[in-house]
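Enquirer: Chain A is fixed; fit chain B onto it per the hints.
Chains as they are written, first to last, in this note's numbering: chain A, 1 to 244; chain B, 245 to 481.
Because the hints were derived from the structure by calculation, they are not lab data. Treat the numbers as computed from the prediction; the structure is a model and nothing was measured. Glycine residues also receive a C-beta, built at the ideal position from the N, C-alpha and C atoms. Do not take every clue at face value.
Unchecked claim - Reference listing, derived: stretches of chain B covered by chain A, where coverage requires no fewer than 3 residues with Cβ under 8 Å from a Cβ of chain A:
#, segment
1, 269-281
2, 344-352
3, 356-362
4, 445-456
Unchecked claim - Just a sample of chain A residues kept apart from chain B, beta carbon distances all over 12 Å, derived:
#, residue
5, V30
6, F50
7, L60
8, E65
9, L69
10, G100
11, V107
12, V140
13, P145
14, G180
15, G181
16, P190
17, P194
18, V242
Here is what each chain is made of, one letter per residue.
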Amino acid sequence: MNNKSSEQPETLNSPVMVQPSIYQGFVATVKRDSLIAVRHRGEMANPLMFFLMVITMVPLGISPEAAVLASLAPGMIWVVALLATLLSLDSLFRGDFEDGALEQLLVSPQPLYFQVLAKVLVHWLTTGLPLTLMAPVLGVMLSLPEAGYWPLMASLLLGTGCLSLVGSIGAALTVALRKGGLLLSLIIMPLYIPILIFGASAVSSAIDGFPIVGQLAMLGAFLASAVVLAPLAAAGALRISVNG
Amino acid sequence: MSQTAIAEPTPSAGDSPLLELRNLHCERDERLLFSGLNLQLYPGSIVQVEGPNGSGKTSLLRLMTTTSIDYHGEILWRGESLAQSRLDYLNHLLFVGHLPGIKKALSPRENLAWFSGLNSGHQRCSAEEALSEVGLYGFEDVPCHHLSAGQLRRVALARLFLTPAQVWVLDEPFTAIDKQGVANLERLMSEHAAGGGCVVLTTHQELAIPQVQKLNLMDFRERCADHELEAEDSLYE
Chain A
1 MNNKSSEQPE TLNSPVMVQP SIYQGFVATV KRDSLIAVRH RGEMANPLMF
51 FLMVITMVPL GISPEAAVLA SLAPGMIWVV ALLATLLSLD SLFRGDFEDG
101 ALEQLLVSPQ PLYFQVLAKV LVHWLTTGLP LTLMAPVLGV MLSLPEAGYW
151 PLMASLLLGT GCLSLVGSIG AALTVALRKG GLLLSLIIMP LYIPILIFGA
201 SAVSSAIDGF PIVGQLAMLG AFLASAVVLA PLAAAGALRI SVNG
Chain B
245 MSQTAIAEPT PSAGDSPLLE LRNLHCERDE RLLFSGLNLQ LYPGSIVQVE
295 GPNGSGKTSL LRLMTTTSID YHGEILWRGE SLAQSRLDYL NHLLFVGHLP
345 GIKKALSPRE NLAWFSGLNS GHQRCSAEEA LSEVGLYGFE DVPCHHLSAG
395 QLRRVALARL FLTPAQVWVL DEPFTAIDKQ GVANLERLMS EHAAGGGCVV
445 LTTHQELAIP QVQKLNLMDF RERCADHELE AEDSLYE
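Okay, chain A solo, but in the shape it has when bound (with noise of 0.2 Å):
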């Protein structure tokens, strides 16, 4: 530090505090995130490796026979991404919450259900997109009947953004706990069970012939339900969290 007192501002508190815009705190913390996510490149790849290799492991495991695995193939890409999904969720808010930065977040004058969805658009753009761009790839893997493909990565394009928010609601609430990934599972599992059902059921209609416009609609439903209201069930969760 510099000894140089004389350009000190005089004004401490003179400039009129204008309400900050939600807008730029919506913008600053994307952009963070985006950042440290990058910098993690490593992390950021963890539940796509586990999307990848369950996936390929089935054939392996189960039947190389296109038959068996077609059918099996729109249930078996939703249920691992899913769990891809649920494995990433842990460190969610768990990184801010260790160095402080969740605190500065209460501190901010931000309201918190904007923040919580920046961190979740940011957790969308690193899990679900990335596994919805893959899934085709392991599609073909699967065997998967081509009526199949586009149906999917609409499915999984609603159902994954379903997934990052209601996640959120569970990582908010156990991101005090010194162990909290089983009991994370434990409080989202229930809570995915109908977005699996109408993602999954979404493909094997389109395989079937059958019209899908009700699966979809029911996903996109979730999906702005979920954007209106999981951020505030988390944001309440994370002022709980970090009070005790």
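Expert: Positioned in the frame of chain A, the structure of chain B alone reads:
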């Protein structure tokens, strides 16, 4: 209640307190930390919270920063209860905790950019100026995991130069800071106070600031024990 206004208001006559704690009572894990705590922070106040380890210094700061709400009593911001004026209060608050929230994967510049974004870019100087003020000139783009503990602390303290906030709440700001750094921080606090801000800090060091008011949390524990005894006595009378 005889122990009103432990911290004598600084003679800035006519000012109303910025932040006022009234009859604060806090327990943690069924252990009493303090009771009957009154404190008024005026523009220009510097309050040093004292007490042995585990006496509730950090708990008090957590109450003052609204991250904890486990207390009885009142906290008023400019005469209004915090429940009503929370957002306005947070807008004027800077809190540097024991864990300062610095991301090790990011550079000091990127860390400060996040804090500045949360405040919508309201700051008194650029991040570069703030970092050179705390002696990190040339380290702006070095990832924080390459920095030493003291340098990490300085990144967090660079926010003091950036922030336009009026109320500073600092938990152990001098940890891992060298002598020259401590002197600079003390100067900065005095200047902040002179400019109409107020500072609450915990530290075990003696501060070289003349107008500092000390608040020893142990006083409030004994007193309340006396009160309980008195109450019991009066029951038997």
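Enquirer: Decide, hint by hint, whether the structure agrees.
Expert: Now for the hints, and whether the structure bears them out:
Figure legend: the segment 269-281 of chain B, annotated as covered by chain A; annotation inconsistent (0 residues with Cβ-Cβ distances under 8 Å, at least 3 required). Here's how the segment 344-352 of chain B fares: 7 of its residues keep a CB closer than 8 Å to some CB of chain A, so the rule of at least three is met and the hint holds. Against chain A, the segment 356-362 of chain B contributes 6 residues with a C-beta closer than 8 Å to a partner C-beta. That satisfies the three-residue criterion, and the hint holds. Coverage of the segment 445-456 of chain B by chain A is violated. Counting CB-CB distances below 8 Å, 0 residues qualify, and the rule asks for three or more.
The beta carbon of A:V30 sits about 10 Å from the closest Cβ of chain B, which is not more than 12 Å, so the claim that it is off the interface is violated. For A:F50, the requirement that its beta carbon stay farther than 12 Å from each beta carbon of chain B is met, with the minimum near 22 Å. The non-interface label for A:L60 is consistent with chain B: the shortest C-beta to C-beta separation is roughly 37 Å, beyond 12 Å. The beta carbon of A:E65 is kept farther than 12 Å from every beta carbon of chain B, the shortest such distance being approximately 46 Å.
The claim that A:L69 is not at the interface with chain B holds, since no C-beta of that chain comes within 12 Å of its own (minimum 40 Å). Distance check for A:G100 against chain B: the nearest CB is about 3 Å away, which does not clear 12 Å, and the non-interface claim fails. Residue placement check: A:V107 does not keep its beta carbon more than 12 Å from all beta carbons of chain B (closest about 5 Å). Taking the minimum C-beta to C-beta distance to chain B, about 35 Å, the non-interface status of A:V140 holds against the 12 Å cut.
For A:P145, the non-interface assignment is confirmed: its Cβ lies about 43 Å from the closest Cβ of chain B, beyond the 12 Å cut-off. For A:G180, the non-interface assignment is confirmed: its Cβ lies about 18 Å from the closest Cβ of chain B, beyond the 12 Å cut-off. The beta carbon of A:G181 is kept farther than 12 Å from every beta carbon of chain B, the shortest such distance being approximately 22 Å. No beta-carbon of chain B is positioned within 12 Å of the beta-carbon of A:P190; the least distance is around 30 Å.
The claim that A:P194 is not at the interface with chain B holds, since no C-beta of that chain comes within 12 Å of its own (minimum 34 Å). Once the 12 Å rule is applied to beta carbons, A:V242 is inconsistent with being away from chain B; the minimum gap is 6 Å.
In this structure, the earlier hints numbered 1, 4, 5, 10, 11 and 18 are contradicted, and the remaining ones agree with it.
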